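J.: Each chain is listed here by its residues.
Protein chains: 2
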Amino acid sequence: MTTATTSAAISALSAREIVRRVGAGDLTVEAVAKSCIETIAAREPVLQAWAFFDPDLVLRQAKALDKAGTKGALHGLPIGVKDVLDTADMPTEMGSVIYKGHRPAIDAASVAQLRGQGALMLGKTVTAEFAGVTAGPTTNPFSPSRTPGGSSSGSAAAVAAGMCPIAFGTQTGGSIHRPSSFCGIVGYKPTYGGVSRAGLKLAAETLDTIGLLGRDIDSVELVAAALLNRKPSDATLPKPRIGLCRTPLWTTADPATVEAVEDAAARLAQAGAQVSELKLPKDFEALAEARDGINNYERARSMAVEWAHHADKISPKLAEIVRKGQAMSYDDYLWAARTTADCRALLNGIIADYDILLAPCVPGEAPEGLAWTGDTRFQSFWTMLHAPSMSLPTHKGPHGLPVSIQLIAPMWQDAKLFAASRWVAQILGVTTLGVTTP
Amino acid sequence: MTTATTSAAISALSAREIVRRVGAGDLTVEAVAKSCIETIAAREPVLQAWAFFDPDLVLRQAKALDKAGTKGALHGLPIGVKDVLDTADMPTEMGSVIYKGHRPAIDAASVAQLRGQGALMLGKTVTAEFAGVTAGPTTNPFSPSRTPGGSSSGSAAAVAAGMCPIAFGTQTGGSIHRPSSFCGIVGYKPTYGGVSRAGLKLAAETLDTIGLLGRDIDSVELVAAALLNRKPSDATLPKPRIGLCRTPLWTTADPATVEAVEDAAARLAQAGAQVSELKLPKDFEALAEARDGINNYERARSMAVEWAHHADKISPKLAEIVRKGQAMSYDDYLWAARTTADCRALLNGIIADYDILLAPCVPGEAPEGLAWTGDTRFQSFWTMLHAPSMSLPTHKGPHGLPVSIQLIAPMWQDAKLFAASRWVAQILGVTTLGVTTP
Chain A
2 MTTATTSAAI SALSAREIVR RVGAGDLTVE AVAKSCIETI AAREPVLQAW
52 AFFDPDLVLR QAKALDKAGT KGALHGLPIG VKDVLDTADM PTEMGSVIYK
102 GHRPAIDAAS VAQLRGQGAL MLGKTVTAEF AGVTAGPTTN PFSPSRTPGG
152 SSSGSAAAVA AGMCPIAFGT QTGGSIHRPS SFCGIVGYKP TYGGVSRAGL
202 KLAAETLDTI GLLGRDIDSV ELVAAALLNR KPSDATLPKP RIGLCRTPLW
252 TTADPATVEA VEDAAARLAQ AGAQVSELKL PKDFEALAEA RDGINNYERA
302 RSMAVEWAHH ADKISPKLAE IVRKGQAMSY DDYLWAARTT ADCRALLNGI
352 IADYDILLAP CVPGEAPEGL AWTGDTRFQS FWTMLHAPSM SLPTHKGPHG
402 LPVSIQLIAP MWQDAKLFAA SRWVAQILGV TTLGVTTP
Chain B
2 MTTATTSAAI SALSAREIVR RVGAGDLTVE AVAKSCIETI AAREPVLQAW
52 AFFDPDLVLR QAKALDKAGT KGALHGLPIG VKDVLDTADM PTEMGSVIYK
102 GHRPAIDAAS VAQLRGQGAL MLGKTVTAEF AGVTAGPTTN PFSPSRTPGG
152 SSSGSAAAVA AGMCPIAFGT QTGGSIHRPS SFCGIVGYKP TYGGVSRAGL
202 KLAAETLDTI GLLGRDIDSV ELVAAALLNR KPSDATLPKP RIGLCRTPLW
252 TTADPATVEA VEDAAARLAQ AGAQVSELKL PKDFEALAEA RDGINNYERA
302 RSMAVEWAHH ADKISPKLAE IVRKGQAMSY DDYLWAARTT ADCRALLNGI
352 IADYDILLAP CVPGEAPEGL AWTGDTRFQS FWTMLHAPSM SLPTHKGPHG
402 LPVSIQLIAP MWQDAKLFAA SRWVAQILGV TTLGVTTP
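Residue numbers (the numbering used here), protein chains in the order written: chain A, 2 to 439; chain B, 2 to 439.
Bear in mind the hints are in silico, worked out from the structure with no lab data behind them. From a predicted model like this one, the values you see are computed outputs, not experimental measurements. Where hints are given, some of them may not hold.
Any copy, or any two copies together, can satisfy a pair, since identical chains are not distinguished.
[To be verified] Lysine-lysine pairs mimicking DSS-like chemistry, simulated, CA-CA at most 30 Å apart:
1. K314 - K283
2. K325 - K283
3. K232 - K397
4. K64 - K240
5. K72 - K232
6. K314 - K397
7. K240 - K101
8. K240 - K314
9. K240 - K68
10. K318 - K417
11. K325 - K72
12. K318 - K232
13. K280 - K314
14. K72 - K240
15. K314 - K72
16. K101 - K314
17. K314 - K64
18. K240 - K280
19. K325 - K417
20. K232 - K325
21. K280 - K72
22. K325 - K280
23. K314 - K325
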C-alpha cells in the first residue's frame with residue numbers, strides 16, 4: 002500500500018488507473034475519496050459544480066468499499082451523477098426549486114448498475130433546469146465569467162477540474178458535447194437506446210440519451226462497457242475512412258471551429274486516413290425545425306405534472322417551450338417525427354461508406370456569461386439521428402479555450418467509434434489533456 | 002338533471018356518452034362515480050381487478066369535479082390506471098411485494114394529462130409483476146377459473162365488467178391485446194413513442210408503449226386524442242385495402258383463431274374491402290428470438306435496483322429473465338436490435354400497399370388457470386415493429402369466449418387505424434359488445 006501518494010497526484014489519475022491501483026491494493030478507495038474531497042473543497046467555491054455533495058457520505062461509501070470482499074470492474078471509481086438521475090441516498094433536484102430536497106425511493110438503473118460494479122457515487126452535479134436551457138450556477142473551469150455549457154454543466158466542470166475522473170451526463174439536444182467542448186474534456190453519447198433510462202427525468206424521450214463525460218477515451222470506454230455489458234477494449238482503428246461532414250449549419254460556425262475541423266481533416270489525411278467530403282442531401286436541412294418540434298411536443302408532455310401544479314416555478318424559457326408544445330398539433334408532431342425518421346434511414350445508407358464522420362461540435366469557444374449555455378445545434382443535429390458520437394477537445398480558439406471536434410459512427414457501432422476516436426486522439430494530440438488549473 | 006338514472010344504466014354508458022352527459026349537465030360526476038363504486042363492490046370479490054381502490058377518494062374527486070367551473074374534454078370520465086403508472090394520491094405497487102405501499106412523489110405524465118382534462122382516476126388496476134409474466138390475482142369476467150390475460154389484467158377485467166368504461170394499459174410484449182381479447186373488449190396500442198412514458202415503470206424501453214383498453218372504439222379514440230393533442234374523430238374508412246397477414250406464427254394458432262381471421266377476411270372482402278394475402282419475407286421469422294433478446298437484456302437493466310436489493314422478492318419467472326439478460330453479451334443484444342430495426346424498415350415498405358393489416362391476435366380463447374396469462378407471440382410480433390395496432394373482439398371460440406382479431410396500420414397512422422377499425426367493427430358486429438354479466 003502506497004500511502005505517500007498525494008491527493009493532487011490521485012486527482013490526476015485516469016479512471017482506468019484508479020481502478021487498476023485499487024484493484025491491485027496499491028491505493029485505498031478512502032484515499033481516492035479524500036483526494037476528490039480535497040479538490041472539491043479547493044475549487045467548488047468558484048466552480049459551483051455540485052448540487053449535492055456530502056463528504057461524510059462519500060467517506061462512508063469509500064470505507065465500505067475498502068472492506069468489501071470482492072472487487073467489481075469499477076471498484077473504488079468516483080463518479081459524478083448529473084442531478085436528473087435518481088439517487089436513493091442523495092437528493093435529486095433536477096435544477097428546479099420544485100424538487101428542492103426531493104428524495105427518490107430508488108436509484109436510477111444506470112446508477113445502480115455502476116454501484117453494482119463497485120463505483121462510488123460522489124455526489125450530484127449541477128444540471129440546467131430539467132436538463133434544458135436555463136443555466137445553473139456552475140462556472141467554466143478555464144474562466145469563471147464564461148459558461149461551462151449545459152445542461153450537463155456540473156459534470157463537465159467537475160471532470161475538467163479534477164474533482165472526479167468521470168461523470169454521468171445526458172443529451173437531448175447537445176447537453177453532453179457542448180459542456181465537454183467548453184470545458185476541454187471527452188464527451189460520449191452512446192447510440193440511442195442502449196443505456197437504460199429507468200430513473201432518469203425524461204425531457205424529450207425520442208432523444209434523451211444517457212452518456213458520459215471523462216478526461217480520456219479509455220476511461221470513458223471502461224464505464225460505458227460496464228453499462229452495456231461489453232468488454233472494455235483498447236482497440237485502435239488506424240487510418241479510418243472519414244467522411245468530413247460540415248452539416249447544413251457550417252456557415253454558423255466561428256472561425257475557431259472552421260479551423261479546428263479543417264485542420265483535423267488535413268492532419269488526419271496526412272496521417273493516412275481516407276478523408277473525403279460528405280455532403281448531406283437537402284432533406285437534412287429540415288432537421289433543426291424538426292428538432293424544435295419533437296423537443297417542444299415531448300417536453301410539454303413529460304412536464305405535465307410540473308406544469309399542472311408548479312407552473313409558476315418553471316423558468317420563462319422552459320415555460321415557453323412547454324406552451325409551444327401544448328399548442329402544437331399532433332399532425333405537426335408527426336411531420337417532425339417522420340422527417341427525423343426519414344433522415345435516420347438516409348444516414349444509415351450514406352454512412353455505410355465510412356468508418357466515422359468528422360463534424361463540427363460547437364460554434365466556437367465557450368461564450369462569455371453564465372445565463373446562456375451556448376448554441377445546441379451542431380450537437381443536436383446528431384442527437385436527432387440516434388448515432389453514437391464522441392467529442393474530443395483537440396483544438397483551441399482565439400482565447401486559448403478548448404474547441405472540440407465531433408466524431409460520429411453508424412448506429413450501434415460504438416465500439417468502432419471508440420477505436421477510431423483513439424487513433425484520432427493520437428494523431429491530433431488530445432491525450433495530452435489533463436486536469437485544468439485555475 | 003336526471004336523478005332517476007340507475008347505477009347499472011350508467012355503468013353501461015360509453016366513455017363518450019358519459020362525457021357528453023356530464024358536459025350537458027344531465028349527469029353528475031358523483032353519480033358516475035357511485036355507479037362505478039357499486040359495480041366494483043358487487044364484482045370485485047370474484048374479479049380481483051383492483052390493486053388499490055378507495056371509494057372515499059373517488060367520491061372526493063367526483064365532488065371536486067362537480068364543483069369545478071370549467072369542464073375539460075374528459076370531464077368526469079372514470080379511468081382505471083394500471084399499477085405500473087405512478088400516481089401521487091394512490092400507492093403504486095407494480096404487482097410486486099417490493100413496492101408494498103410505495104407512494105410516488107408525482108403522477109405519471111399520462112395520468113396528469115388526463116386529470117388536466119377532467120378525468121377521474123378511479124383506482125389502480127392489477128398488473129402482472131412489473132408488467133411481466135407473473136400473474137396477479139385477477140380472474141376472467143367470463144369465467145373465474147380462466148386467466149384474464151396479462152399484464153394489463155385488472156384493466157381488462159374492470160372494463161369488461163363495467164367497473165369503468167376505459168383503462169390505461171401498457172404493452173411490451175402483448176400486455177394490452179391479450180387481456181383485451183380474453184376479456185372481450187377493445188385494445189389499442191399506439192404507435193411507439195407518442196405517449197409520454199414519464200412516470201411509467203420501464204420494462205424493456207425499446208418496446209414499452211402506453212395504451213388503452215375500452216369497450217368501444219369511439220371511447221378509446223376520445224382518450225387517445227386527449228393524450229396526443231389530436232381532435233377526436235368519428236371518421237370511418239370504408240372498404241379499406243387490407244393485407245391479410247397470418248405471420249410466421251400461423252401454425253401455432255388454435256382453430257378458433259384460424260376461423261376468426263379467415264371469417265373476418267371473407268366477410269370484409271364480401272363487404273367490399275380489397276383483401277389480399279400478405280406473405281412476409283423470411284427475415285420476420287427471426288423476430289421471436291430477437292424479442293426475447295431485447296426483452297431480457299433491457300429487463301435486466303431496468304430491474305438493476307430491484308435485483309441489487311430485493312432479488313429474493315422477484316418471482317422465479319422474472320428472475321430467470323433478468324439472469325438471462327445479465328448474461329447476454331452486448332453483441333447478442335445488437336443482433337436483436339438490428340434484426341428488429343431491419344424488420345421495421347422492411348415493414349414500412351411492405352405495408353405502404355395497404356391501409357391496414359389483418360392478423361391473428363391470440364392463439365385462441367383465454368386458457369384455463371390463473372398462473373399463466375397466455376401466449377404473447379401474436380401480439381409481441383407487432384409490438385416489435387412499433388406499428389399501431391387495435392384488437393377487436395369480433396369472434397367467439399368453442400366455449401363461447403371471445404377471440405379477437407388484430408388490425409395494424411403503418412407507423413404514425415393511428416388516425417387511419419381508428420377509421421378502418423370503425424368500418425371493420427361495423428361489418429363484423431363488434432359494436433354489439435357490452436358489459437358482461439357474471
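J.: Does each hint hold? Answer for all of them.
T.: Here is how each hint holds up against the structure:
no. : hint        : verdict
1   : K314 - K283 : neither (41 Å within a copy, 54 Å between copies)
2   : K325 - K283 : within (26 Å within a copy, 44 Å between copies)
3   : K232 - K397 : neither (33 Å within a copy, 52 Å between copies)
4   : K64 - K240  : neither (45 Å within a copy, 71 Å between copies)
5   : K72 - K232  : within (16 Å within a copy, 57 Å between copies)
6   : K314 - K397 : neither (39 Å within a copy, 54 Å between copies)
7   : K240 - K101 : neither (50 Å within a copy, 57 Å between copies)
8   : K240 - K314 : neither (52 Å within a copy, 52 Å between copies)
9   : K240 - K68  : neither (46 Å within a copy, 71 Å between copies)
10  : K318 - K417 : neither (38 Å within a copy, 36 Å between copies)
11  : K325 - K72  : between (50 Å within a copy, 22 Å between copies)
12  : K318 - K232 : between (42 Å within a copy, 28 Å between copies)
13  : K280 - K314 : neither (44 Å within a copy, 55 Å between copies)
14  : K72 - K240  : neither (37 Å within a copy, 65 Å between copies)
15  : K314 - K72  : between (44 Å within a copy, 25 Å between copies)
16  : K101 - K314 : within (11 Å within a copy, 32 Å between copies)
17  : K314 - K64  : between (40 Å within a copy, 29 Å between copies)
18  : K240 - K280 : within (21 Å within a copy, 45 Å between copies)
19  : K325 - K417 : between (39 Å within a copy, 26 Å between copies)
20  : K232 - K325 : between (44 Å within a copy, 17 Å between copies)
21  : K280 - K72  : neither (49 Å within a copy, 53 Å between copies)
22  : K325 - K280 : neither (32 Å within a copy, 43 Å between copies)
23  : K314 - K325 : within (18 Å within a copy, 44 Å between copies)
Hints 1, 3, 4, 6, 7, 8, 9, 10, 13, 14, 21 and 22 from the earlier list are contradicted by this structure; the remaining hints agree with it.
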